[in-house]
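S.K.: Residues per chain, in single letters:
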Amino acid sequence: MRTFIIRRVIYGLAVVWLVSFIVFGLSRAAGDPRDLYIDEYTTTESWEAMGREMGLDKPLIVQYTLWFGNALTGDFGRSMYHRTSARAVIGERIRPTLELTLGGLFFAVITGFPLGVLSAVRRGSVWDYIGRTFALYGQALPAFWLGVMLILIFSVQLKWLPTSQRGDWTHFILPGITLGWGASAAFVRLVRSSMLEVLDSEFVVLARAKGVATRWIVWKHAFRNALIAPMTFAGVLLAAYLTGTVVTETVFAWPGLGRLAVQSVFNNDFPIMTGVVMIFAGFFVIANFIVDLLYSWADPRIRLE
Amino acid sequence: MKHYIKLGLIAFGLFAVFAFSACSSDEETTTTEAPAPAAKEAPAKEAPKPTATSAPKKEAPAKEEAPAKTVTQDVVIGVPAICPPIFNNRFLTGSCFERVQMWGFTEGLTWMKHAPIPVQVDEDVPEKSMVESWEHDDTANTLTWTIREGIKFHNPDFGTVDAEDIAFSFNEAMAEGSTFNRAGQLRAWIVSIEAKDGKVFIQCKDTGCQKDWIRQQSNYNGQTASITSKDAFDQLGEEASLADLDNMTGPFRATKWVAGSTIESVGVKDHWRHPPHLDSMTFVEIPETSVRTAALVNGEIHLSDLPPKFVAEAVEKSGGSAQQIGGGKGQGWFASGQFWAQTDYLGAAGEGNDPAARPGYMHDDDHPWIGEWGNDESMERAHKIRKAMGHMVDGEKLNNAIFGGLGSAAPLAYFGWTPDMPEWKDEWFIDYDPDKAQALLDEAGYSDCFTVPYWIPPDVTVVIDPEFAEAVAQFWSDGGCKVEIEKTAYSARRPTLVSRDLNVFFAWNTAGAASPKDTNGVGPWVPRAGSWNGGFEFPDELGKLHPVIDAEPDSDKRRAYNEQVTGFVADWHIFISKVESTPYWALHPTVAEWNPYQGNIPYFGNPQTIKMKE
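Top to bottom, those sequences are chains A and B. Using the working numbering, the first residue of the first sequence is number 1, and each one after it goes up by one. Using the working numbering, the first residue of the second sequence is number 1, and each one after it goes up by one.
A hint or two may mislead.
[To be verified] Quick list of the computed label-pair ranges, beta carbon to beta carbon:
| # | chain 1 | residue 1 | chain 2 | residue 2 | range |
| --- | --- | --- | --- | --- | --- |
| 1 | B | Asp366 | A | Gly91 | 42 to 48 Å |
| 2 | A | Arg224 | B | Ala240 | 53 to 59 Å |
| 3 | A | Trp145 | B | Ser321 | 50 to 56 Å |
| 4 | B | Glu486 | A | Phe21 | 44 to 50 Å |
| 5 | A | Val262 | B | Ser321 | 30 to 36 Å |
| 6 | A | Gly55 | B | Glu484 | 32 to 38 Å |
| 7 | A | Leu293 | B | Lys269 | 47 to 53 Å |
| 8 | A | Val262 | B | Glu484 | 55 to 61 Å |
| 9 | B | Glu484 | A | Ile10 | 41 to 47 Å |
Calculated directly from the structure, the hints in this document are not laboratory data. All of these numbers come straight from a predicted model, not from anything done at the bench. We treat Cβ as the ideally placed atom computed from N, Cα and C, and that holds for glycine.
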């Protein structure tokens, strides 16, 4: 186990390092950052002074080393658009993104798992059809459309919930559903197919023959064994939510990392852009690491070594 | 059984984390928050919310610190974007700067009288302004400003506005590397600004002092230098002072400012110029138009800028009203890259820089819309291409589809000339005629059209509607062209407008029909080296007219000069307008009164005049 963890940590660091290399390379390939500051009055002296301030007067490898060293301490430089440290701007957006991610994941789990199990256990029943229909629509509906529809129904028509913005718990419901809807549908499909496979296995037949209660069979024996695929998906989903909730954030005016990343691209704001990408890489590595560890909990037959 | 417990614990844990995050969200870290007790005139930091006229539900519920008021005037304004808090002219970015000032937080040097549409401003008679009086010495070529006394910064530590603050604010705006939008305009006539004996002295360039500086430095354009405190800069340093929320003098004092999210502010009840009716004003960023509309219908926000077709819907469903702001704007595009100046005629290239450097001037086969000045064949070919691009686009259809039919597809040439004006020339108008477009392309040798690089700034929606610009691209695609859209933020791309790099099709606007035609310093409409331009420069003989127009006191002559220079753009179809859009804001029925300033750019303004129903 220890070897596994050490190996995964090394892999994770290697991924982060590789990402940093690519991000830095692309940011430099996009042009000289000083271009954003020049005007007719920029002299050669001030151009060079700017270069010294930004460390551009050094060889690329030295520039990279300095940048990566700073990035490791969370210092991504000063945002050209916000005129403050990129770390402060990014830090401000992490919490809203985490909240939205948890909201979406919560909805996806509490709806997708039970419906998936129900659909498998009551195969061919009305519940199964409901589950499969939900899965079909869930994966087909684009988030931007769903979000606007939910706003129209629950905010404008029924006036039950606010349309957008962060706020008290009521503000989480519509963005959470919008974000979690597609994943919920995916969970239904994954849990259903995994459960069907397990429920057909010999040890379940044996348990039934021994007179074990159905509820006990489903939740103790089958469900836990069916968790591997959904769990893998949940890990990837968690990372994806943390890095890719642009649409939901935009529709619900949620000040998260996804929108910040897109805005930084529009603004050619390299410090923010590189900082956000590095954080996204970190999220992915950590999420996958946690999923790997959870495998052994869910299925002791999996030996991580 | 223990598995049920485990599952239950996991679900509960997840819920608890989520609930904790959700319930504690109003303690978020903010970009900038005002220090506790700053201006004595400011009411409680957290403005009370629920009243007969307030927003139904906001982020922070009313807490125990809410003062015991019976009726408060609170407004929530929905906008597509909230820029970072930057209160130093040197660092303001193109798409943001006007928001700082026109939204009631900072102020410029002069304040022009409110004028109804169509906009006509008496340029010599500002309303109560920071500059109380002025002297112009023709012999010494200087301008002297006497500053009104007693104008307080929100932070008492920064004292009152004095000559040092004015000189500092303008010098920051003109400093090397400044991203202030009108830095080039200031540099075009100012040699130096300094504070001396309690007054501000401006040494003008040999071409003379700008004649309509009063208008240019006013709310008319929303493009004036904001006056901030030199003491703040000296006491706090550059980085802290530029984000200090009390480094301002406007009728509203921001208490919380989170870029991309929200601005909370309170009314300054003893403001020197115009105390606001409102107790609090909150801006919230809602990027999606349909969601802003829904929020207004729901009463979550009270005012919002919406595209015309959404305004009608919002007004109908909420029972509110629509408010026009400013005159119309011609929506269209520049065929950029026509850098036809032969010399650095305004001396604006800067010492040590090559005045002939025009990196965007590429009159080659890959840029068939760019003509080479002096080469008749090249000029004619490029002109045909530019006209062909105009003939491909159906203004009527765009007006109906994008602007809900509330704009106008009637002929409008650069600078807002229309057929009812004596200066009008019929050939300025390019109608929708795909056959003519194809014929012109054939004649120019580009029957299959060409690759059209097209820059659409997505972040200056009050100036150019991105949806309109994208629809134009579709027309060009339908005409056989391969359109490559670039959507870089205006602020990020702006340096290329100054450095004469721009050589793409550039979605932008021109003045509407109601804009004054006899203005001094036609400013943005006359591009020149050392300043903003839409990717073109006049040949020397015309470009040299700029300071002449700036200094011309006679209104009729100014109009004639303006026709000469802006008519040149229309003659060559460097800019083509397809729809004159009319900017509206939607108002919730709880808004009793708002008297927005009708400037030449439809920015939100005059929030101190907003009154809510009680």
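S.K.: All hints are to be evaluated individually against the structure, with a verdict given for each.
M.R.: Status of the hints after comparison with the structure:
1. For the pair Asp366 (chain B) and Gly91 (chain A), the beta carbons lie near 44 Å from each other, so the given range of 42 to 48 Å is met.
2. Here the CB-CB span from Arg224 (chain A) to Ala240 (chain B) is close to 56 Å, well matched to the stated 53 to 59 Å.
3. The given range of 50 to 56 Å is broken by Trp145 (chain A) and Ser321 (chain B), whose C-beta atoms sit roughly 30 Å from each other.
4. Between Glu486 (chain B) and Phe21 (chain A), the C-beta spacing of about 27 Å breaks the proposed range 44 to 50 Å.
5. The supplied range of 30 to 36 Å is met by Val262 (chain A) and Ser321 (chain B), whose beta-carbon atoms lie about 34 Å from each other.
6. At about 33 Å, the CB distance of Gly55 (chain A) to Glu484 (chain B) agrees with the hint of 32 to 38 Å.
7. In this structure the hint that Leu293 (chain A) and Lys269 (chain B) lie 47 to 53 Å apart at CB is violated, the actual value being about 59 Å.
8. The beta-carbon spacing between Val262 (chain A) and Glu484 (chain B), approximately 20 Å, falls outside the hinted interval of 55 to 61 Å.
9. Look at Glu484 (chain B) against Ile10 (chain A): about 43 Å separates their beta carbons, and that is inside 41 to 47 Å.
The structure is inconsistent with the numbered hints 3, 4, 7 and 8, although it conforms to all the rest.
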